[in-house]
Amino acid sequence: MPTLTYRDALNQALREELQRDDNVFLMGEEVAEYNGAYKVSRGLLEEFGPRRIVDTPIAELGFAGIGVGSAMVGLRPVIEMMTWNFALLAIDQIVNAAAKIRYMSGGQFGCPIVFRGPGGAALQLGSQHSQAFESWYAHVPGLKVIAPATPADAKGLLKSAIRDDNPVIFMEGEMLYNTKGEVPEGEHVVPIGKADIKREGSDLTLICHSKTVSVALKAADQLGKEDIAAEVLDLRTIRPLDTDAILGSVAKTHRCVIVEEGWPYAGVGAQVAYTIQHEAFDELDAPIERVTGADVPMPYNRALEKAAKADPAKVVQAAKRALYLES
Amino acid sequence: MATKIVMEALSPTMEEGRLVEWKKNEGDAVAVGDVIAEVETDKAVMELVARVAGTLIKQEVEAGATVPVSDVVGWIGEAGEKTGGKTEKVEEVERVERVEEGKKEEKAGTGEKPEKAEKKPAEEKAEEQPAETKAEKAEQEAPAERPASAAGERVKASPLARRIATERGVDLSGITGSGPAGRIVQRDVEAAKAGPRAEPATAPAAASGPTGRTITFSGEPFRDEPLSQIRKTIAKRLVQSIGPIPTFYLTTVVDMERATEAREALNALGEGKVSFNDIIMKATALALVQHPACNAWWQDDHIRYWNEVHLAMAVALDEGLITPVIRHADQKSLREIAAEAKDLAGRARERKLKPEEYTGGTFSVSNLGMLDIDEFTAVINPPEAGIIAIGRISENVVPASEGLEVRKQMKLTMSCDHRVIDGATGAVFLRTLKRMLENPLAMVY
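Sequence order for the protein chains is A and B. Here the working numbering is used: the first residue of the first sequence is -9, the next is one more, and so on. Here the working numbering is used: the first residue of the second sequence is 29, the next is one more, and so on.
Heads up, none of these hints are tricks.
Quick list of in silico lysine-lysine cross-link-like pairs, DSBU-like style, CA-CA up to 35 angstroms: (1) B:184 with A:208; (2) A:296 with A:310; (3) B:260 with A:242.
Don't read these hints as lab results, they were simulated from the structure. Since we're looking at a predicted model, the values are computed, not measured.
Could you put together the complete structure from these sequences and hints?
Next comes the structure, spelled out in structure tokens:
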């Protein structure tokens, strides 16, 4: 199996879907002539031409709206947001148009659209460019939210997202684009709504997604040195949530730490924790722990930024609380 | 509002009690703790005490009546106050059950509707008192283990711990939680299942077996040892042969010349009498310290090796018998044992023993020597694994270094639960006991 970067895995998914279905097109800032701000769309203009690969002005609300309109009449747009921070400008089209048009038109119009781009913090990009918005979009009925952690999942899930008949929020990671992993060639499709056990364990479950998968895996390594077997469950899809996988793991381990990049208040982990306590109350041996980004605008200062992020040490500490090994 | 006086479960196995005598008359003032009546249980005559203060308004039953546990026997309240009669027993039964966790479920289904929802908080509070006290009494039956929380207090346990406890029938109120603020978590319930004070798996002591080891006082009252395969097989096969306790017997003849001398010398001090039975109990306790394999309880899926010696002694009553327990007998002087044995036996015959005084023994001694029995086999009192039966001291002609001589001799017969004690294990214990009695100085050596 070839080893690809996360970036190239996304590129492969886009290329294969553009080849497969003439209704698919990519639109966004710098996606064509510049090959994408993060080079995800490298070579696509050359292969598919300006009808399929469309550069836009710096006008997120505008091109998001064009995308929604084109989806309503049968095309399958992939709208690239240079980052999800900029998509705040387009959120009216995403929440008020894309998410609701099927419902409000009584099913007369669908909206098979993918909004994709990098989310979360990178390094010292400041408060306004270091935000994880998964829970914002997951809050909205009508949207599906995906945040893959590995190149293989990125490819397989982007293909599923493009083929889905509903609006999909597809969150990548600036810090993930260069990570490498084996990616199946050709028709590799990962179903939406299916979590994945990235590491098996029996003592507690670390629930994570996107960038925090590597954080959880590192924490699991450290715990392993102390003979604690942590299971790492990658949600992959935030909405719809893979409740069966979560409950199955918690039924096995009885203890759980939820790790996410975003803020704690009303975050993804809050919803997951609710689901666990409600559906698996009698399986729990300890309160569910959460490790999140700090509840502050992301500091620019390098040391403060590091301190504000979820990291393996914090996960190890939370795991030990859940195991009653530390208070 | 008047408060019920109910027939309380004054012993662990009590289902009904005979109200022997009212100690307070209708109209008498009572304070909390006052004795209201004497009640004869299946084991002893006990005192029924007031749980609330007020006036004894009404006696619902006459002296001599036998009353099921939880039934109303009277009322305490303000003078002249109306009472509810004898019918309000169901609620009280339910309350007791809640505390004792479903001990007697069949009683709840008497068809009468509990009135709990209509009760005013003040009354609820007043009524909780007897139930709590009962639960405390029930806890005292377990001789050594101190439960984590007082009855009535909410037991804090994780949902998983609660589920496991329910599945395995473990009583959470008897478990000490290791989580924050004493929360009972999975590991606590599982440890309790294996035995409340199982040693951590890492403890090196777990590797060495019970035989050849004397009791070391670690502060833990006992040590639970999981059954080895060979013990499981022994238990299974022997129960098929002689069941349910596969008992075997070991008899030895003990020369009692020196013990007789020692006893006479001690009694000549004029500081209280010491009996042969006291000497034998003291020696038995000390021998058990050297052979903890015999100081154990069969617990079905494990064996509990006690680190404390609580010696039960059989005392004949006019009707039946009872086994009061001398606690920590190995650590008591002969004089203390003699005094305690005399006190316990006396109160046993008057049927005044408290339940905690006749439960929790780790080994038993039974003596029919004073009734001229040469030797006999005693019946094991489970979960204990052994009992010593003492015959009379007789003068026998025995071979001496030159010719023959007449010596005082006594036969000891030990009954052993073969699931716990093997032949050789029992034999070496009995040999130690024999040597101690034949040379009483060995007890202080």
